[in-house]
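In order, the protein sequences belong to chains A and B.
When you line the first sequence up against our numbering, it's residues 1 to 763, in that order.
When you line the second sequence up against our numbering, it's residues 1 to 78, in that order.
Note that these hints are calculated values from the structure, not bench results.
A quick note: this is a predicted structure, and the numbers were derived from the prediction, not measured.
Incorrect hints may have been included.
Stated by the list, open to error - Computed footprint of chain B on chain A; a stretch qualifies when at least three of its residues, placed anywhere within it, have a C-beta under 8 Å from a C-beta of chain B:
hint, segment
1, 72 to 80
2, 219 to 225
3, 242 to 255
Don't be surprised by glycine CBs; every beta carbon is placed ideally from N, CA and C.
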Amino acid sequence: MSINRREFLKRSALVAAAAAIGVDSILGNTIKTIDKTGEAGTLQTKGSVAWHKSVCRLCGVGCGVMLGVKDGKPFGIKGDSENTINKGLLCVKGFYLHKMITAKNRLLYPMIRKNGKLERASWEEALNLVASKFKEIKEKHGPDALAFYGSGQAETEETYIANKLFKGHIGTNNVEGNPRLCMASAVGGYTTTFGADEPVGTYDDIDHSDLFLLIGSNTAEAHPVIYDRIVSRKKKNPATKVIIIDPRKTPTNKIADLHLQVIPGYDLAIMNAIAKILIDENLVDEQFIKESVNFSDGTNPITYDDYKKFLGKFTPEYAAEKSGVDAKDIIKAARMFGESQAAMTMWTMGVNQRVAGVFLNNLIHNIHLLTGKLGKPGSDSFSLTGQPNACGGVREGGGLSHLLPGHRVIANEQHRKEIAAIWNVPPDAIKPEPGKHTMAMFDAVAKGEIKGIYIMCTNPAQSLPNLNKYLKGMEDAFMVVAESFHPTETSKLAHVVLPASFWGEKEGVYGCTERRSQHMVKALNPPGEAKWDADILIEIATRMGYGKNFEHYTSAESIWNEYLKTTKGKDMDLTGATYARLRKLRGLTWPVPNENHPGTWHRFTEGDPMLPKEKAAGKRMYFYTKPDGKAVVFARPDKGPEEPVSAEYPYVLTTGRILEQWHTMTMTGQVPELLRAAPKPYAEINPEDAKKLGVSNKELIKVTTKRGSLKVEARVIDRPRKGTIFMPFHWPESLTNILTIDAVDAGSKEPEFKICAAKIERA
Amino acid sequence: MIIASMIVKTMLGKAEEVTLKLNKLPNISTHGIYKEDNIIVVIEAEKEEELESFAKYMSSEINDVLGVYPTFISADSE
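Produce the entire structure from the sequences given, and follow the hints as far as they go.
Shown next as structure tokens:
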């Protein structure tokens, strides 16, 4: 590399860094950007590198990234300093996105299993096989012998096509996606409490809050850019406080003012106790409660007084006994929350992946409704999402077995008719009964009841709980896997593997945690024979005889335009989020009902374009997705875990994520730098437990649950609570999910990945 | 040749101390402290391995670092 070239790159690096922190001068030298925004959302440099506006492929934060392309190949990555979410900052995973594109294990051509081995095949052969086999299964066993399992990482356009094919044409509602495993309880919480899914506010609330309650979330590692925004708020306003409720000490604790290190599974008692203290100490907003809140016991309406009686037993002392947390800290947390001017609660898998996940979501919303800390700057109950398009493609796009696009439900006849009309199918083409949820779907696969399944952009043979129960069935079924990488634990079991375009190689839209839809440009051609997932599905639809309703699509934009029709007039109206706007803007937060609308910060209050002004008159918030405009405070019992510890299994096993890896490592496992940073599986064990068991740091231990055993390295560290071990689930060579339990929340059907009983021995 | 930039964010009042520690690391140059607690860092490395675990090292080994946020990376074979 010449000095000039090196200096050019170094200068580019400095410009990107300076832009990320809003600085235009470094060491006295003015740094001027050399980029110019192009009409199609592409930034061009003076050299031969073209920088393309996109969205990070990994978690659900929705960070803007610029993909540099030179000579048709990925050149580099920089944070998008114009993006309102991350303002140019990235995390270490997003830093290596360009390396995932060029990974050695990119799948380049279709493969079909022949004589027990996956062999290269032509697209024609593979597509004909999938279409003919699916038709045969439908004819012999009915449409419900088929299923689709998608992803919160697929584009909205891809999920929309899959939904239309399976629900509208094949005739089965067995359409699911991996958000069932991570976000379903948040959906259940929002829909039961507010009448509609997704948060009231946006990330902008972080910049106005003076109290953050982080529950079941290691924000610093799982959502680093959100963590940075909290840190920035705390620095700007030193009076800002952070409360953490979590069984582990994590890097997020660096900014904690109070940590309630709860016994896993027993935080519902704490949340009810906080609600009781808020009421007892008159820290509630009685006017807001009167105007905008109903009460329910989960089955029937109750009165405010009934609710107070229900809370009677949830004294700080009771909650302390149940949760293992000091009663004084529970009181302190309640007062900090109640006395704050603006409070934001954020949570993720520690709340959702529980058999009481929906209940706990309700209890979080409860304290915001009781105090009126909602729908105003700095106040929100805000669920953090794990995947980049779980909200957009699956929750909004209706990619679950009980949903239809545009926040509609299968069970509603009018909803089915509306979608059938847009899909150009008869009104009764969509079945009235919801399909099988994820765990029921894979149970039916294991039992041979579902005989053909199409899996797109996800890896259930590693990510499902209690894996040993399901793997054989997946191997026996006619399983089609559309993936960018091979092998994965799932593609290894497939009958047909189809090579799919990856991030940067396809155009589409991602919708992130804060209701923001963002456009991603196609900057590269896919390698080998890989194709866009939507094109693959359209080819299969055509071969199955449904071509007339799929062949009119000419581009991702044409699919998006049809999808927009499903949102018109709904609470999540995206009509104004056209490709023309999205290509130029850094996304839009719905509702955005027309092309002049700037997007919405807070729903259900002034400024929400969908607010029925006459009905809402005189009220600060009107929840128009509820029949009488009132949200619901639920009296929920402090339900514990499905599998409490016992004499035989005395430890709580909890699973989760680490900074350098993401989910099943299909992507991050292709980056040597990330692999070296976190090379092998391990289990965190509390030093007191290690001493009791005679286990040393880095010694091999055997972790056993009722479902299986694994040998992993012990990491003796003061992070998990005594009596708890923590295992990341990333490494395919050591499948943590053979240990986890597949019991699900009764409402959301989300499994309890976070808690099961285990025993530990020296290996 | 790998060139990358990052923002290292520190506890309030600790940026200078952290900068001194960073300046001792190989292949790393710091380019000032901005807005009290943001250190601009550029890494120039011959091999990708030299970037390995940088963020992890910073976050875990230097107590006053609150976060390490990459902003740019390029890999150019010229």
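Hints, verified against the model:
1. 72 to 80: holds (count 5)
2. 219 to 225: With 3 residues closer than 8 Å to chain B, the segment 219 to 225 of chain A meets the three-residue bar; holds.
3. 242 to 255: holds (count 3)
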